[in-house]
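Colleague: This is what each chain is made of:
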Amino acid sequence: MKSYLERWLPQLLLAPSLIVCLLFFYGFMLWTGWISLTRSGMLPSSDFVGLLQYQRLFADERWLGSLGNLARFATLFVIIPLVLGLLLAILLDQKLRAEGALRLIYLHPMALSLIVTGTVWRWLLDPQLGLALGVRELGWTSFRFDWLGDDDLALYTLVIAAVWQISGFVMAVFLAGLRGVDEAIVQAARLDGAEGFTLYRRILLPTLGPSLFSALLVLLPAAIKSFDLVVALTDGGPGHASELPALYMFQMAFERSRLGLGAASAMVLLMMVLSVALPYLYARQRRQRRAG
Amino acid sequence: MSRLLMALFGVLPLLAAAQPLDFLHWWTSGSEAQTLAELRQTARAAGVPWQESPVAGAVNANTLLKTRFLSGHPPALAQLDKAVAVWGEAVPLADLSEVAQGWRQVLPTVIAAELQYQGRTVAVPINVHRLNTLWSNLALLQRHGLEVPRTWEAFFAAGDRLKAAGVIPLAIGGSVGQKFSVFADVVLGQGGPQFFRRALVQGDAALLAGPEMLQMLRDFKRVKAYTDAGQAGRDWSVATALVIQGRAAMQLTGDWANGEFLKAGRVAGRDYDCTTAPGHGALHYFEFDRILFFKPASAQQADEQKRLAAALMQPADSTRFARIKGGIPVRVDADLAGFNACARRSHQDFKAGSANGSLTLALGAQLPEATHGAYRDVISAFWASDRMTAEQAQQRLLKASRVID
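Protein sequences appear in the order of chains S and B.
Just so you know, we're using our numbering here: the first sequence kicks off at 1 and counts up by one.
Just so you know, we're using our numbering here: the second sequence kicks off at 1 and counts up by one.
Chain S extracted, bound-state conformation:
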């Protein structure tokens, strides 16, 4: 009896969450895939139209524009936090006395939801009321900062807010990586005369590969899924100059009564996230196979 329970209890306990996951995750994924092949408008319908919604999607300038925006946003959203995070991690690694407090300060933006981040930055970046007003009141009366209202630059306000939010996290990942290096190796390198910059360049940074990978795996899908920050900060505007695909998806599916088109854009987003995640999973599996 006991052995029977012991054998089946874990499975039994895991079953409900597994079923919920299967249904609400993969089930709805399949359902969205199906909807993207139908004429669904305000309500889901089963009128099969093949790839029509995908054709419409890629004929829509607004969608193509949002893809272009995503490319610009994602590039900066990945590179800047990686560089900034690495720099902060190296600085914090210098055995500072107040390291704990500093780490907390840098990590703190992570504790805010993106809606809050977006709202705060919308106020800060407001061309008439925000930081710009503060600078003008300090005496620089001709100072202007109106990226929010500029259709070339509005996208970069998203980058500013997102980088502010996520850099602390990347720093923590790299710091953990740096601290994970075997002290014996560092000592050996020191004995061989490696100091400061050389020590980092030759010994410590090359061991950060896995940290870089995990940071990338968080940053890239986060960029692709970006929605709440856009809604709170620019709402895609001015025009659609700072619109990202997730916002397009939401508006088409729920505000425009174009459920099929929204589902098609959701499937394209899914493909993009998978194209980031699958190579990683594949590489890891191969490494494990080689190791085993």
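Accuracy of the hints is not assured; some may be wrong.
[As the list claims (entries may be wrong)] Here's a subset of chain B near chain S, in silico, CB distances under 8 Å, partners left out: (1) T63; (2) Q231; (3) A310; (4) A311; (5) G373.
Keep in mind that the hints were calculated from the coordinates and are not lab data.
No experiment lies behind these values; they were computed from the predicted model shown.
Cβ atoms here follow ideal geometry from the backbone N, Cα and C, with glycine treated the same way.
Given the coordinates of chain S, work out where chain B should sit on it, guided by the hints.
Modeller: Relative to the frame of chain S, chain B by itself:
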């Protein structure tokens, strides 16, 4: 727990036979909540069991409405912000024709027609909002030796003078709707209601691609030069506040702005004026709040729906809703005692427009959502972008008119 499960699986509608009329709406702000209290009172007085399902925000409310249809327990009534046909094609509606016999005599044809789906009356109007109003700060205009502009040429000339004097000529909010209403005002002011109908509602390619539309797009974009940089993310009421404070001279928006002026203690005709948009003359461009009635769950509910519909259209009740909600009563025979000068002028134009056929219903209520949305995309992108030319915008407008579903 078991009740929760039943609700989850949509078994509840089976038990819902004796339920009150459930009204799904997003009237949650101050004056809206007051209007709701009036509706409730009218329903109770008519002996109709009444229940409310408030949801914050039109988008959320519409999503919930769809979900309730999909899960099998739809409400009996809902606030409507789309063309009646959008819902008519998707779900079964009620039939109020029996009590709506006399409505054609008291409602403009445009409104009576928009309450019908396939020849049956399925909705009840609550109040009318005029959209084509130019709100102006009279004291400010007089100080600069200007009159309220009645044509677009006069508007641009006044705008130049005000701009040179350091005043924002036109206050505008950040939403797409604010820009789109400027576009509609330009098209209606320069092309008139016939052109508007043929070009934008019927999507006549010759007109959409023609030289007149190109000029209208140029003038629409020209308006942007008379607005300020702080418009991104600004609420329409904040834009109205700029006019009230005298930092901006004018605003083009619907008659909901009237409430803001009244709240600030300003008097129409003395402190501020509410004329039609430049070039509009006495044209009345409007949208109206209405309640859509869905297919009743039982014969008893069908009867209650009819009683409610009749009660909501009583002259006294109908007028009371408009007074609290803002705007004007929907009945042409309404008594405007107690309304201010702006509302009276609006109702006068409303009646005249109803008689001569120039009364024009908002584009959003006349077009499929997809088409209207596609137009809005073009207009908002054109307003924002300094690189898009009027010719490019015109091409995209033509393309948008062919987006149907």
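Colleague: Would you settle whether the hint for B/A310 is holds or violated, based on the nearest Cβ-Cβ distance to chain S being less than 8 Å?
Modeller: violated, 29 Å
Colleague: Let me know if the C-beta of B/A311 comes in closer than 8 Å to any C-beta of chain S, holds or violated.
Modeller: Hint violated; B/A311 Cβ to chain S Cβ min 30 Å, cut 8 Å.
Colleague: Tell me if the interface restraint on B/Q231 is satisfied: Cβ within less than 8 Å of some Cβ in chain S.
Modeller: Given a least distance of 7 Å, the restraint on B/Q231 holds.
Colleague: Would the hint on B/T63 stand, with a C-beta cut-off of 8 Å toward chain S?
Modeller: holds, 5 Å
Colleague: Against chain S, is B/G373 within 8 Å by beta-carbon distance?
Modeller: Holds - the Cβ of B/G373 comes within 8 Å of chain S, reaching about 5 Å at its closest.
Violated hints, listed in ascending order, are 3 and 4; each of the other numbered hints is respected by the structure.
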